[in-house]
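Student: Chain A is fixed; fit chain B onto it per the hints.
Chains as they are written, first to last, in the numbering used here: chain A, 1 to 329; chain B, 1 to 333.
Just so you know, these hints were derived from the structure itself, not from any lab. As the structure is a prediction and not an experimental result, all values here were calculated from the model. All C-beta atoms, glycine included, are put in the ideal place defined by N, C-alpha and C. A portion of the hints provided could be inaccurate.
Using C-beta positions, here's what the derived DEER-type ranges look like [stated by the list, open to error]: (1) A/4 to B/111: 51 to 61 Å; (2) B/27 to A/281: 39 to 49 Å; (3) B/49 to A/112: 44 to 54 Å; (4) B/119 to A/11: 31 to 41 Å.
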Amino acid sequence: MADAKELLKVENLGVCFIHGTMEAHALRGIDLSFYEKEIHGLVGESGSGKTVTSTCIMGLLPSPPGEITSGRILFENENLLELSQGQMRSYRGRKIAMVFQEPSKYLNPAFKIGEQITEMLRLHLDMNKEKARERAKELLGLVGLGKDGRVLDSYPHELSGGMKQRAMIAIAISCNPRFLIADEPTTALDVTLQLQILRLIKELKDLLGMGVLFISHDLGVVKEVADRVSVIYAGRIVESSTKGTLFDKPLHPYTKLLMLSIPDAHRRGQRLATIPGRVPDADATPSGCAFHPRCPLADDRCKSENPELRGNEDGHKVACHHAGESWNI
Amino acid sequence: MEHLIDCKNIVKVHRGRGIGGSRKGFKALDGVSISIDRNESYGLVGESGCGKTTFARAIMFLDPPTSGSVLFDGTALEQLGRREMRSFRKRMQIVFQDPNSALNPKMSIHDSLSEGLINRGIEEKERIGKIKDLLELVGISYAYKNRYPHEFSGGQKQRIVVARALSMEPDFLVLDEPVSNLDVSIQAQIINLLSDLKRELSLTYLFISHDLNLVSYMCDTIGVMYKGKIVEEASSELLVSNPLHPYTRRLLASIPGGGMRSKVNSIELEEEDADILAARAASRQGIHGFKGCPYYSLCPLGDDECISSSPSLRDIGGGHVVSSGHKVSCHKA
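Okay, chain A solo, but in the shape it has when bound (with noise of 0.2 Å):
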């Protein structure tokens, strides 16, 4: 996809949770690079660094106790880490836009959909009153919640799960924005209606030209909506492909085992490859590579020196020192 245009670019991001005299490395430099009409997965575990990314870009770290400590935010010429909070807020909402995990929660219950669809569109493209409900009307039958507008005047308890992220959606995009964050968006849903919300975030991506950061833990999720693929783990990027390249050839043993772990009926009477221990705490994150505890592949070198971000010549980027190399399961 050397053709897309980037639209933002996180630089060597780093981010530090400061409790009393414990200091808590949440992100430890990270890259990203998206495009437009391009939907970028980041796969991790819980307490990898996802959302603490997302909170970055939207501007909504909470500081203290979180406090960057290094790098830039690249949007439209703009570092968005320098911007006050003023210009940030005229950004956020109408640029970027993001999708939560559980609709329930972030939908205000006393107000109908109609009121919190119309309030971004007022707020932030000044529209009158009848145009605005105009424009709600239109986003709900592009969410799929009926052209008829009955939703409008429903309030999110009257709404199904699904039928509260797909409002949630489309207040996310009423603004047009250039960047949607979607942060586990279908995670509290069914099978069922979680591809159709999938579905339903592929259709707008196209339609609507914008980049999206798809944040999941489940490599499935990923593989079915994604374009381009980043493994984060401990606060680090260790593998970034192409969606194609990712499943079919990974190269960093983490992203090796997270795919051979995961059951399916083909694996039926055999053993899953496991990962020994658990994720470590941001403020212990273990010396060297912060995957070496727990790596099938982990050498002298890896304890004491982490591994850079290398791209081959596909763009192909993976930090790990044995890349691509194998072992016995």
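Tutor: Coordinates of chain B only, in the frame set by chain A:
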């Protein structure tokens, strides 16, 4: 093989409060009959709210069914008194989804594990040995016995919950979404642990999950539940390779990543068919006390037959020499 547990026609009606509510009630389980062989693992899949957990609680008589019978190793559970039930229940244990809320935060894990053993009347000396064995069995160091739940990670807590369930030396274990709350890399550890335990202790599992990938890996037989009814039941291989009910097909086709999609010829009613869906919902509402197939309003195959009568679960011999044990409840299968 003999059945360890035989459930017949389990019905559970949740009575609503208020005017009218108490009379009608909500039928959470509508005549579910399954039997599980000794040493088998039976997978129950379905979407949230379809009655999976209600079923598990009903057959363990934690929340007794409104009607129906459960035969556990020759004992009819509905005939047991409260006391007898309590002592009988040690043979059937349950592992819940969320290990954080399943463990008492104010009890050290030694105390948590002792509780059941004390109830079983085991002397202190023997108890300590047992706790040691149990922790070893699930892969937790005995040195941690005086720690409290918050000092463990989610995966370790789930191991402790499994150890606690095993402390009663049960024959039958209900696993209610045992790995849904865990990280991907931890899930595989717990799944391997559960398979090992099943083999070592010859346990029988009822495995409840919404994840068809996981269930088809873990279980010998799979039952698909929809709106409080089993709509299809077959051995794992058969269900995955030849799903007959349109709902099962839809579930298989919805597995993200699309591994199954090429195999399953799923016909779906999506938003573009909103008119059909609306018409069906309306026709369903128009009929007082709808008797038809519960899946009718979403089914791409539905016709008049599906409105007039609800299909029952029937065995499909389907080209096999011996009866395949593939049951499906659909007029169009």
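Student: Hint says 31 to 41 Å; check whether the CB-CB distance for residue 119 of chain B and residue 11 of chain A agrees.
Tutor: violated, 60 Å
Student: Holds or violated: 44 to 54 Å for the Cβ distance of residue 49 of chain B and residue 112 of chain A?
Tutor: violated, 25 Å
Student: Please test the hint of 39 to 49 Å on the beta carbon pair from residue 27 of chain B and residue 281 of chain A.
Tutor: holds, 47 Å
Student: State, for the Cβ atoms of residue 4 of chain A and residue 111 of chain B, whether the hinted interval 51 to 61 Å holds or is violated.
Tutor: holds, 59 Å
Of the numbered hints given earlier, the model fails hints 3 and 4; all others are met.
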